[in-house]
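Residue numbers (our numbering), protein chains in the order written: chain A, 1 to 317; chain B, 1 to 327; chain C, 1 to 297.
A couple of the hints might just be wrong.
Subject to a maximum C-alpha distance of 20 Å in a straight line, what follows is the list of computed SDA-like cross-link-like pairs (lysine to any residue) [to be verified]: (1) 267(B) with 231(A); (2) 124(A) with 150(A); (3) 86(A) with 150(A); (4) 78(A) with 148(C).
Some chain B residues near chain A, calculated using beta-carbon distances under 7 Å [as the list claims (entries may be wrong)]: (5) 48; (6) 123; (7) 125; (8) 127; (9) 129; (10) 130; (11) 187; (12) 190; (13) 192; (14) 224; (15) 243; (16) 247; (17) 271.
Just the calculated beta-carbon pair ranges, DEER-fashion [what the hints assert, rightly or not]: (18) 106(B) with 34(A): 34 to 44 Å; (19) 299(B) with 21(C): 14 to 24 Å; (20) 34(A) with 65(B): 52 to 62 Å; (21) 73(C) with 21(B): 29 to 39 Å; (22) 130(B) with 37(C): 22 to 32 Å; (23) 176(B) with 126(C): 30 to 40 Å; (24) 25(C) with 128(A): 41 to 51 Å.
Honestly, the hints are just simulated from the structure, not real lab data.
All C-beta atoms, glycine included, are put in the ideal place defined by N, C-alpha and C.
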Amino acid sequence: MLPLIETRNLSKYFRVPAGMLHAVDNVSFTIEKGKTLGVVGESGCGKSTLGRTMIRLQEATDGHILLNGEDITHVSGKKLKEVRKKVQIVFQDPYSSLNPRQRIENTIREPLKNSGNYSRSELKERASTLMELVGIDTRLRQSYPHELDGGRRQRVGIARALALNPEFIVCDEPVSSLDVSIQAQVLNLLMDLQDQMGVTYMFVTHDLSVVRHISNTICVMYLGEVVEMSPSKELFSSSLHPYTKALLSAIPSLDIDQPMRPLPLKGELTSPINPKPGCRFFPRCPYAERGCSQEPQKLEEISAQHYVACHRVREIN
Amino acid sequence: MMRNENNVFLSVRDLNVVYTSGKKIVHAVNGVSFEMKKGETLGLVGETGAGKTTIAKSILRILPDPPAKVLGGEILLDGTDLMKHSEKEMLKIRGEKIAMIFQDPMTALNPLVTVGDQIIEGLKLHNDYGEAEAAQKAKELLEMVGIHTERFKEYPFEFSGGMKQRVVIAMALACEPELLLADEPTTALDVTIQAQVLDLINKLKVKYGTSMILITHNLGVVAQTCDYVAVIYAGKIIEYGSKKDIFVDYAHPYTHGLFASLPSFSKDAPRLKPIAGSMPDPTRLPQGCAFHPRCPFVIEDCRNGEILLKEISQGHLCRCCNIQQKG
Amino acid sequence: MITAESTSTGIKPEKIEKTSLLLETLQRMVKGPGARVGTVLFALIVLASVFAPLIAPYGPNEMDLKNMYATPSASHLLGTDGLGRDLLSRLLYGGRYSLSLGLSAAVFGAFVGVIIGSIAGYFGGKTETLIMRLMDIWSSLPGMLLCILISAALGAGFFFTVLALAVGAVPEAVRLIRAQILKERTKEYLEAAEAINCSKFSIMFRHLLPNVVSPILVMMTMGIGMTITMAAALSYIGLGVQPPTPEWGALLADGRSHILTYPHLIMFPGLTIAITVLAINLMGDGLRDALDPKLRS
């Protein structure tokens, strides 16, 4: 079956005064219709840039993005507008992702207005439907964002993303700014919407418990590269890459009888500007040896659907 | 009060704080009382707007007045009531006896002053150090928090988030305070850096015997660092106990809700169990129990009157009419 | 259908009132005592000028040759000038010119500045650099001098005077709005607008601009005081509006040679200008506080 969305060697570089910043480097994966790919990593790993590149808010430096088999990497003009109707994004910060001076009804209607196909009454009706779909009281339609709490604001952002019935939505840390009890509400909403509407997600986050719950497949990123990718549950039960292990061991456990034993990582994140060849995790890896800094690490399928980019993977595990 | 023991180091009694904004009054802290022994770590857990930061800032008396107003309460540090201190006396306490670490390391440091100078400033304020002596002590502090002493003359913008937070910790511990208030110290940090910083805080606590109040909404962090936990909701402590009381034998429906709404690493549930509704408007708190509109176990008694904190087992308190003790 | 139980917020808000950002801002603006005084005073001055034909005891050019250079009395509350014209009436009518000159110039200057600044800020790159360097050149010429030169070159008349007065304000407005745009440009709601297929024009004017325009409003309000003073200065040196127009600066000019003998001729116009500018500045302060997002919470 043709995957809904596919990336092939996708790269995004930015020119900065110090050189070339490799935000996303050579990323390839597929996502099937109705499924969720979780993308995890810490600051500077490129996950947000990846999301924005995939929906064409940024233009890729290299590689390809295919939507339903069609290459959308460099389309522009009318074709880009058509593509934008099918791919959408929900942002992290419910405070800055809504226009503070726009009433939420207008925010939700705007994608429909831009498509130019709807009459005034249709717009109003569609906005109401969307508000009900995401669980906002329609009596709040004339509110300004600052009058609503974080959870409701995020729902507005979700309604806006759903307005044109997109096939693919990038969720960029959609619950990270919300309180714990509200997070669960919004996550349930996203999953229900997926069940109801068959929408495909790419869920970007740094929160590993959340990503485990919502994703079918997870890919772990470090400094612009994918270091491990596997079905969701398997990543947690048998992580293979040293970085994934370090990441999982660093999560503070709720089990008070189990003290944390985080895998010690040396030093700090290295710079994504003009990266050296070889493994980017090398300076911090507890299993590093000399060969690691010379050879670029390629994603290798170690077990079914489980890919790792580490040439020492078999020795370590 | 909570525990009838003698070496009580910090005692907060009946703290009440409001914020006035025009005609509206925000009831931020509504009658909070707790005690701490020396060397203990107390976790204040709650969601945004629960009042945790206000409690910490009240102890240090750094709440801006207006709009904040402390309506009443006592804060006894080693027997003396901080509420009755003059500003001059408080200046001696801040930084020296009580220090605070804030959430955002990006804005906690002065961008125009080198890191070394910022630590020295605190040292010289509370001690009679000369310039050279203070510089030496500052370098030792940097080393203690895991920063190369060569970075003494660098500016904050040259440090990453995690490193900045270490500098902040070094500054806070410079005068070996007896009490450390940490307001979401690792929330803005990556999870691997968080692990390092928590480890650092734990080690330093042991080394200096510092008592600590850790404010956070992350239950995992609480489990790994705190001895006692107070769960705050709408400006009141609704459950208090040892780590075991709260993580294993929790009783209050809100605490239940918090744990239930967390996605688990071990169990697989198709849908999460969130707490319905959202935090109440602090200018219009519900009658009776502030949680009752959202509570799945609500009964008639919950809607009226003052709900008191009751001891449900040794040292474990809960403010609820319909306690749902787990296990 | 998604059920309300575990996904919605559950609690129904009791009463939902439709709010208006404009109304809220105006309410906040008149909270402080200074702002209240300033606003009321300014409103009174404007109303007095608008209704001058109804209030003024005499016409602005009505000469009473038996009462030239009269000091304030019951029949001429503020005295008369060298041609027996009632000073109070001339001030009231003069307000129409001074205020409209001042207001038009401030608004026009801000408007032009906002357009240019928005283009610079939003498009960035070479466009921005070019525009900012032009502004640097523009602002290196002293404002008053520029105003005088343009007024002298274009000649007399209302529109040309407005132009001359507005010119000095443009670079400041451009810089201000560009700085605001730089701060706002990275906000996610602008990215969101792009993702939902808003045109660049729509993003700039419907999303970006309303959120950066507040400091300009404050600058513009304070600027009215400046432009009124400059209009007065132009008239004082004989440029701008021409006699017998009772513009306040012209009235000042008329009285300058009699400063020692008939001080009321220079005192009252001077006071009027001063009080008007004070009122506007108080109002502007209130507006700035009202629009400050930090003071809002």
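Tested hints:
For the given pair, residue 267(B) sits about 16 Å from residue 231(A) by alpha-carbon distance, which is consistent with the 20 Å threshold. In summary, the hint linking residue 124(A) to residue 150(A) is not supported, as the alpha carbons are separated by about 24 Å, beyond the 20 Å threshold. A hinted pair counts as satisfied when its Cα atoms are at most 20 Å apart, and residue 86(A) with residue 150(A) does not qualify at roughly 26 Å. A C-alpha spacing of about 51 Å is found between residue 78(A) and residue 148(C), which places the hinted pair above 20 Å, so the restraint is violated.
Annotation: interface hint on residue 48(B) holds; nearest CB of chain A at approximately 5 Å, less than 7 Å. Interface restraint check for residue 123(B): the shortest CB-CB distance to chain A comes to about 26 Å, outside 7 Å, so the restraint is violated. A distance limit of 7 Å between C-beta atoms decides the matter here; for residue 125(B) the minimum to chain A is near 30 Å, and the interface restraint is violated. Below 7 Å, beta-carbon pairs count as interface contacts, and residue 127(B) has none with chain A, the closest being about 31 Å; its hint is therefore violated.
Look at residue 129(B): its Cβ only gets to about 31 Å from chain A, farther than 7 Å, so that hint breaks. The interface hint given for residue 130(B) is broken, as the beta carbon of that residue sits about 34 Å from the closest beta carbon of chain A, more than 7 Å. The criterion of a C-beta within 7 Å of any C-beta in chain A is not met by residue 187(B), whose closest approach is roughly 10 Å, and the hint is violated. A cut of 7 Å between beta carbons decides the hint on residue 190(B): the least distance to chain A is about 4 Å, and the hint holds.
Given hint, residue 192(B) at the interface with chain A, holds; its Cβ is 5 Å from that chain's nearest Cβ, closer than 7 Å. Taken as an interface hint, residue 224(B) checks out: its beta carbon lies about 4 Å from the nearest beta carbon of chain A, inside 7 Å. Evaluation of the residue 243(B) hint against chain A yields a held restraint, the C-beta minimum of about 5 Å falling below 7 Å. Because the smallest distance between the Cβ of residue 247(B) and any Cβ of chain A comes to about 5 Å, under 7 Å, the interface hint for this residue holds.
The interface hint given for residue 271(B) is met, as the beta carbon of that residue sits about 5 Å from the closest beta carbon of chain A, less than 7 Å. At roughly 40 Å, the beta-carbon separation of residue 106(B) and residue 34(A) lies within the given 34 to 44 Å, and the hint holds. The hinted window of 14 to 24 Å between residue 299(B) and residue 21(C) is violated, with their beta carbons roughly 43 Å apart. Between residue 34(A) and residue 65(B) the CB atoms are about 56 Å apart, so this pair conforms to the stated range of 52 to 62 Å.
The hint said 29 to 39 Å for the Cβ distance between residue 73(C) and residue 21(B), and at roughly 53 Å that hint is violated. Our hint of 22 to 32 Å for residue 130(B) and residue 37(C) is violated, since their Cβ atoms are close to 55 Å apart. The hint said 30 to 40 Å for the Cβ distance between residue 176(B) and residue 126(C), and at roughly 57 Å that hint is violated. The hinted range of 41 to 51 Å is not satisfied by residue 25(C) and residue 128(A), whose Cβ atoms lie roughly 29 Å apart.
Consistency with the previously given hints fails for numbers 2, 3, 4, 6, 7, 8, 9, 10, 11, 19, 21, 22, 23, 24, ordered from lowest to highest.
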